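Each residue of the sequence shown is one higher than the one before, counting from 25 in our numbering.
In short, the hints are calculated from the structure, not lab data.
A hint or two may mislead.
To be verified - Straight line, CA to CA, 30 Å or less: simulated DSS-like cross-link-like pairs of lysine-lysine:
1) Lys233 with Lys375
2) Lys346 with Lys233
3) Lys120 with Lys169
4) Lys363 with Lys240
5) Lys421 with Lys497
6) Lys169 with Lys375
7) Lys236 with Lys375
8) Lys247 with Lys236
9) Lys33 with Lys125
10) Lys247 with Lys286
11) Lys223 with Lys236
12) Lys493 with Lys110
13) Lys360 with Lys244
14) Lys363 with Lys351
15) Lys408 with Lys180
Claimed, not checked - Derived Cβ-Cβ restraints for the label pairs, each shown as a range:
16) Tyr145 with Lys90: 29 to 35 Å
17) Asp191 with Gln353: 44 to 50 Å
18) Ser530 with Lys361: 24 to 30 Å
Source: prediction; values computed, not measured.
We put the CB at the ideal spot given by N, CA and C, even for glycine.
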Amino acid sequence: MTNLTKKEKQLLTRFKEIDSEIHTLGGIAALLGWDKQTIMPSKAISDRAEQSSYLSSKIHEIFVSKELKNLITSLTKKNTLTKLSKREQTLLLHFKKEIKKSSNIPASFVAEFSKLCSSSYDHWIKAREKRDYKLFAPSLNKLIKMKKQEVNFINKKGDAYNLIVDDFEEGMTKEMIDPVFEELRNGIIVLLQKIKKTKRYKTQKNILKKIKFPEKEQLKISKEIIQTILQEDKRYYVAESVHPFTTRISFDDVRLTTAVRKGLPLFSFTGAAHEAGHALYELGIHEKLKHTGLRDAPSFGLHESQSRLWENQIMRGEEYWKHFYPKYQKTFPKLKKIKFQDFFFAMNQVKPSLIRIECDELTYCLHVIIRYEIEKQIFNKQVKVKAKDLKTLWNNKYHEYLGVTPKHDTEGILQDVHWVEGMFGYFPTYAIGTLYSAMLFDQMHKDISNLDQQLRRGKVESVRKWLKKHVHKYGREMTSEQIVFKATGKHLSAKPFLKYLEKKYSNLYGLK
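Put together the whole structure using the sequences plus the hints.
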């Protein structure tokens, strides 16, 4: 604080108290959510819904209160704002932006949209059971209509899709994303076509399919991987859930879960690495940001980059597996007959498929780009796309990009829950995170000359330290683009990821 008046100091102190209160209540809500998905008795669902609803209402009430609005209005006046630290300015301007957005949306609309999402979920479940998109299409039509209405409340003149992408990837626009995704899409498709022509692709088999991987041992290995990545065992806790996830309760309390998928023996391993990447980010944010709105990642894409980096570049990488495979064979003795190179090929096999969360590393971004392109059409004011037409659009893009077509709607347009929850604009963050992970890993190799040798010995400490120094510690003091540019000297680019894919899969499939 520089030359603040007594009144300004009082206002700033009160603002920080409210910020801390919102942060604390959010942590309690997160704990209830984690408990619900892990150990809560099934009969407690009704009471838990009331508890969670109360907390959400309380947080919203504080967030849109006249007191907070007045505090921010006073503290963001130019003659006051310039006296504050850079960190305080960033926090205040972040609050100002979010409050302005929230205050433009009527409370009645928020309640109505929430109710629609809830009823749509039931329709989605029934449609999935019947494998019939027509049972969900009317609900999706209403969701799209209300989302467009929400955008109009916020900024009627602004580009609709850019506004909703900004909710998840602040500062990013489709004008920035389009050329990068186009290069990414074309690059992957060209590489995929080359791979499909190889003898190895035409004769490949799933050698892991007939091997039994006991669930108990899978979970044990998963927890060991989490321990390897995180180290700080007094600040996190691991449980089991249907779907793996990570949530932050407080500065020294991060919860993550593991899960096992029948018929997918490596799902628990890669899932554990993925969630540990998220958890490491949460644990690495600077202590000075504790109890503030800056104690978070600046975007979903950057958070995803950390999980993807550990899951793919490190834990699916050849260097680390050269160290880890003997231990994996010891845990699953039937693997002793399988040579390392055969196992490594099996875990990285390319096979275009229909389900995004179960697909291979090479084709993953194509699944995301399909959704991104459809969302852009939905929110394009010049093109009228109805929900009933989206199934055909979806199936055509899958056939064009991946060469596969859904046999039924549950493995097609009904597979994701995002649109059901009104989360339009979220999908591109998955691909953006994947690109950021490759950019950061590429730079890490330049900064740590013996990185590959360290990974061959199972050493990941230098990776942890590099990520904390260049990414984690900042929280949301900067945008994702600023953090990545500061670390790599480059803006969002597909080139490092395509280079990584070309090298890895050329070796696997014998491409020249």
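Results of checking the hints against the structure:
no.	hint	in the structure
1	Lys233 with Lys375	holds (14 Å)
2	Lys346 with Lys233	holds (22 Å)
3	Lys120 with Lys169	holds (27 Å)
4	Lys363 with Lys240	holds (24 Å)
5	Lys421 with Lys497	violated (40 Å)
6	Lys169 with Lys375	violated (36 Å)
7	Lys236 with Lys375	holds (22 Å)
8	Lys247 with Lys236	holds (19 Å)
9	Lys33 with Lys125	holds (27 Å)
10	Lys247 with Lys286	holds (18 Å)
11	Lys223 with Lys236	holds (28 Å)
12	Lys493 with Lys110	holds (19 Å)
13	Lys360 with Lys244	holds (19 Å)
14	Lys363 with Lys351	holds (13 Å)
15	Lys408 with Lys180	holds (17 Å)
16	Tyr145 with Lys90: 29 to 35 Å	holds (34 Å)
17	Asp191 with Gln353: 44 to 50 Å	holds (45 Å)
18	Ser530 with Lys361: 24 to 30 Å	holds (28 Å)
Checked against the numbered hints listed earlier, the structure breaks hints 5, 6; every other hint is satisfied.
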